[in-house]
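4 protein chains.
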Amino acid sequence: MRKKRFGILTAGGDCPGLNAAIRAIVKTAHQQYDMEAIGFQHGYKGILDRDYSVLTPDKVSGILTVGGTILGTSREKIFKNEPGDERDKPGIIREVYDELGLECLVVLGGNGTNKKAYLLQEAVGINVIGLPKTIDNDIVGTEQCFGFSSAVTIATEAIDRIHTTAHSHNRIMVIELMGHHAGWLALYAGVSGGGDVILLPEIPYDIQCVAKAINKRAQQGKEFSIVVVAEGALSIRESKMEKSKLKQYLSRRPSAGYRVARAIERATGLESRITVLGYVQRGGTPNAWDRILSTKMGSYAAEMLFREEYGRMVALIDGKIDSVDLAIVADKIRYVDEDDRILIAARSIGTCLGVEA
Amino acid sequence: MRKKRFGILTAGGDCPGLNAAIRAIVKTAHQQYDMEAIGFQHGYKGILDRDYSVLTPDKVSGILTVGGTILGTSREKIFKNEPGDERDKPGIIREVYDELGLECLVVLGGNGTNKKAYLLQEAVGINVIGLPKTIDNDIVGTEQCFGFSSAVTIATEAIDRIHTTAHSHNRIMVIELMGHHAGWLALYAGVSGGGDVILLPEIPYDIQCVAKAINKRAQQGKEFSIVVVAEGALSIRESKMEKSKLKQYLSRRPSAGYRVARAIERATGLESRITVLGYVQRGGTPNAWDRILSTKMGSYAAEMLFREEYGRMVALIDGKIDSVDLAIVADKIRYVDEDDRILIAARSIGTCLGVEA
Amino acid sequence: MRKKRFGILTAGGDCPGLNAAIRAIVKTAHQQYDMEAIGFQHGYKGILDRDYSVLTPDKVSGILTVGGTILGTSREKIFKNEPGDERDKPGIIREVYDELGLECLVVLGGNGTNKKAYLLQEAVGINVIGLPKTIDNDIVGTEQCFGFSSAVTIATEAIDRIHTTAHSHNRIMVIELMGHHAGWLALYAGVSGGGDVILLPEIPYDIQCVAKAINKRAQQGKEFSIVVVAEGALSIRESKMEKSKLKQYLSRRPSAGYRVARAIERATGLESRITVLGYVQRGGTPNAWDRILSTKMGSYAAEMLFREEYGRMVALIDGKIDSVDLAIVADKIRYVDEDDRILIAARSIGTCLGVEA
Amino acid sequence: MRKKRFGILTAGGDCPGLNAAIRAIVKTAHQQYDMEAIGFQHGYKGILDRDYSVLTPDKVSGILTVGGTILGTSREKIFKNEPGDERDKPGIIREVYDELGLECLVVLGGNGTNKKAYLLQEAVGINVIGLPKTIDNDIVGTEQCFGFSSAVTIATEAIDRIHTTAHSHNRIMVIELMGHHAGWLALYAGVSGGGDVILLPEIPYDIQCVAKAINKRAQQGKEFSIVVVAEGALSIRESKMEKSKLKQYLSRRPSAGYRVARAIERATGLESRITVLGYVQRGGTPNAWDRILSTKMGSYAAEMLFREEYGRMVALIDGKIDSVDLAIVADKIRYVDEDDRILIAARSIGTCLGVEA
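Chains as they are written, first to last, in our numbering: chain A, 1318 to 1674; chain B, 1318 to 1674; chain C, 1318 to 1674; chain D, 1318 to 1674.
Rather than coming from a laboratory, the hints here were simulated on the basis of the structure. These figures come from a predicted structure and were not determined experimentally. Glycine is no exception: its CB is placed at the ideal position from the N, C-alpha and C atoms. Please note: incorrect hints may appear among the correct ones.
To list a few chain D residues with every Cβ distance to chain B over 10 Å, as calculated [unchecked claim]:
1. Ser1391
2. Arg1478
3. Arg1590
Some, not all, of what chain D presents toward chain B, calculated at C-beta under 10 Å [as the list claims (entries may be wrong)]:
4. Leu1388
5. Asp1477
6. Thr1481
7. Leu1587
8. Ile1591
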């Protein structure tokens, strides 16, 4: 009798912990349940291109500490076609799924990837299981995604470094971190890096309020400040713009960090410098905690395969590994909440969040 | 009218995050609630010696990233006296508490420190609040203690380094980590470092089982193995010894790592090398996640002060910051549990835990 | 009899190792030669403002590992005045020097700072000793400056991280590092980070040559490449522009990394992404090697004070600590040389340096 | 016509930078000179066992950052046989060398490995080139060996961590580092980690002198001290023992760090704690500077192959890559010298080196 078989792919932006999760899924499935994993290359694209191979335990040995994903990734759109492309992509996926005799497709990805998995299940009836990976930590249904812990660590180290220059030069140092929609990364790294001002997409900022916080520090003899800005942060005025107008407005201006630095200089007269951390936040060896979270989640996903708990995403709920219905996950973003403990803590130690508390 | 005043001290072994917690308590208390902090030097000893000073927000500025504790620490016994010392220590503590007009004593420490706080409250009626710090992560009532995250990170980096030597030399590398009673550190670092064998105080090991796991790897062409050992790990035979006999037995032998390495050599004939990581696990800059946990917990402790929630310890419960009655915490140890997800995950990916699964 | 006294200041951009050097100078001067150090705040500005204090050994204790400079820094122009400022700045410096009874002024800085020291000596006859600090490593007369080793380490870690994203996404990742005039940092970090293309200010690049190297890799199945660009790198065409025209041209365009990324996309059709590492390169704890170089150089500077070897800068010559006449150092830049071993090594392992070898 | 062919092996203890050097040799030889590399597995053992394969540029791609050695290593004795083994090992090596049509054997190793290469050349007339790798940095003829820079960095980070515990607990922390014969690692890491006492094999220590330094610090209010000990450090009394007696004496006692900690406790009455860093010092990703040194040295070795400069070891001489006759290298150890600048600097800032200065 043939072994139970499942497919596995990674899609969307890469992040630390993907390989650790792949390893845990494949090893657990093999050793505990005698199932076989088929790895698709470059996300959903690998299904469409029939680009796959069997992932033996041997192939995932030694990848725990390796950044990125051994399966490669892409941002393939499976419900949209380029002009001239007449393929029925969901149909092809169903075809390949059947050809290979898969019982389930396990996808590791962010909001988009998990949403696609959910829609595939609805559209062509295949079984899916999702795992939440993103340094943005903005997937609904889980308290943490893997990749986030490493990104916070990397961003914190960068803020630590910038601190000494701010101090030595008596300057305002602005550091822009990733986070278009949700400000988790800026908030966590801002708190752990000791940022004096933290600006998030969720809380449109009043530059006068920021200036006041910076000036207050200067009056206390601290003539430098660290300002942590999520790339999606907007001023109150910007946030009130009509959507298409805002898009146009932003396209003609440099990124959030630059806009904030310029505005601070105008409002305080103090010299400001900007750092955009960029892709460094997303790459490299996963830290210990992402390896652990990925290993727990990957091992749990294999259990779900065994128990045939389909249509769900592995999740951290009340601090424990569990799962959540993909219907709840799809098409939503988890935002920083006013009563999140980290936000309360940031405020209570005197961090400026861009508006009067 | 005088400000509300509280005392603060750190006791037991130092660990990363103490200063971050002190900073969050003092800043929040000052800024949110206009309370004043009195810092005692070197733990409970500082109360007995009347060695203290006011902790202004300025004094805790810039300490977020600094390892150790600015208050110093000691292992002062407050319910026991050396011969010739006739002091009524709890009485003196009550005296100083009253002299300074304290409303509460906030203690940052491990099992011993929190137990002493509880006993003081019972014995002399002072108000206390505890915070859980220990790299052992073995305090009952909280899912995580600060210091643990940094220790896991440090130990993981050490295992990563040892991996390459094991591989290049085809050797068994044994690494001994801290953890006399509970194996959390060895278990977490073992999983994140990809340890092939992990031996904990909670699970007495069968050396034949360990040898089998190592030999199985050798048969698969992996002629090296990483063995992670908590310092309190015992073989099945050792664990069955009568307590005083065991103590004598252990006193005549080197530490757990050495005993395991020797036993592996005898059982497999393979060359084994030992590393005892030691104090490196406990010192230095807290990692991002300990800074965050400490800041959340410290800020919460200040809220408890304001709400006069005494006799409790700040805790992580169901992934959220909360508090727990010190009566529940005192005099117990939180052990690794058979159905802990990390243990299940370790087993499911094929890690040997010293006995047949 | 009064102790022999000298002044000390740090000027220009801050960098790792400044505090380690200050510590070594002050400790050696005090302990070996019983001399007293006067520390000026914020570079030359501290002399003009009479902002100084005695640096006792105690004040420099514990600063070895601290980034930035405890003396602060500035870019004060001492041979130029703002409109309305009629001060004779060199005259004031001479005045303060005499008032304080200094025997020498020790300056820690880059090209500009050491040049000013030389000109001060020529203009007002004070004794000076220079120490070479800059992450650009471009001071003439020394084989290495402190700060450089840390910057190479930081930049290498960033490249390591970016590598995994490049690999997972099959993308061209461009990383822009500091270095306006000299490309040492980009070259060293490029080699240690395994950059496939390295573009330096000293070697104007031919984008077709870069594209060829990238395409060749793609043909070998490596569909990603890492391109390391110094911020002062120019294309051949740009490098031939008349100076004022080039300035205008550059002012209307984003930085070197962006220009290179755009040009690569046009020439290869491959998706390119850019990271500008920025101030992270310059801050934070000095690495072990900058601490060592700073300690050696600082201790040597104190010996020079004792031997009254004035008008010279501490330097690394033939791998040994020595000194060089400031007349040789002033007003020059040390460029990457065609027969530098690191350049030869980079070429010989197949790294593209922007032009046909 | 067949390509020019050479053999390559790594022997002795592994260390960071071996793979970077292998990569540079193979890539340069292939791309610049069209030569072919044969890699032997596990050092000289791989020649005796005819365990080898062609090292194509592809096989060394991506190994720059990988710790250990892809060729494996061993401590095979080629001029000595176990009882019952009658093989003429040098003869076999000559045989394999001829069979494969090698023009030269390139060995990467420490004192022993380079000595064996020299003796092989003398004994059976094969051509050899050596490269100096060792974290001990004790090979005669070169100012630096690769592996050393990473080891100093790792040991420095450990000392940094231990510092905070020493400070928080007012304790003497003793850290034992590798270095049986030469104390380079302890000396460099001791200086960069800010060790208060540094004990080397080259300078037998007087424990009264050490105690005096520690007590002096305590009088200045610094009730903690960091003591860095090379594993080969001896007290004056121990160093005067007759060799065989010393061996016996040491075999009955724990390592140098333990002996020093015990002696300090006896002499000062202060609580001392010991850390033995062990194998962590030798493994893991090479730091930026070892990657650079290995790349320079590897590329230079390939040039030497081309120029047929045999019988020599690549070396750093006067800060530049060069080579030295293996006859000079063989059978010697490079010790820390009294007039080495790092030793002078350590003394001049007040570090105790175990004897009165």
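Now for the hints, and whether the structure bears them out:
{"no.": "1", "hint": "Ser1391", "verdict": "8 Å, violated"}
{"no.": "2", "hint": "Arg1478", "verdict": "3 Å, violated"}
{"no.": "3", "hint": "Arg1590", "verdict": "6 Å, violated"}
{"no.": "4", "hint": "Leu1388", "verdict": "8 Å, holds"}
{"no.": "5", "hint": "Asp1477", "verdict": "6 Å, holds"}
{"no.": "6", "hint": "Thr1481", "verdict": "3 Å, holds"}
{"no.": "7", "hint": "Leu1587", "verdict": "14 Å, violated"}
{"no.": "8", "hint": "Ile1591", "verdict": "7 Å, holds"}
In summary, the numbered hints that this structure violates are 1, 2, 3, 7.
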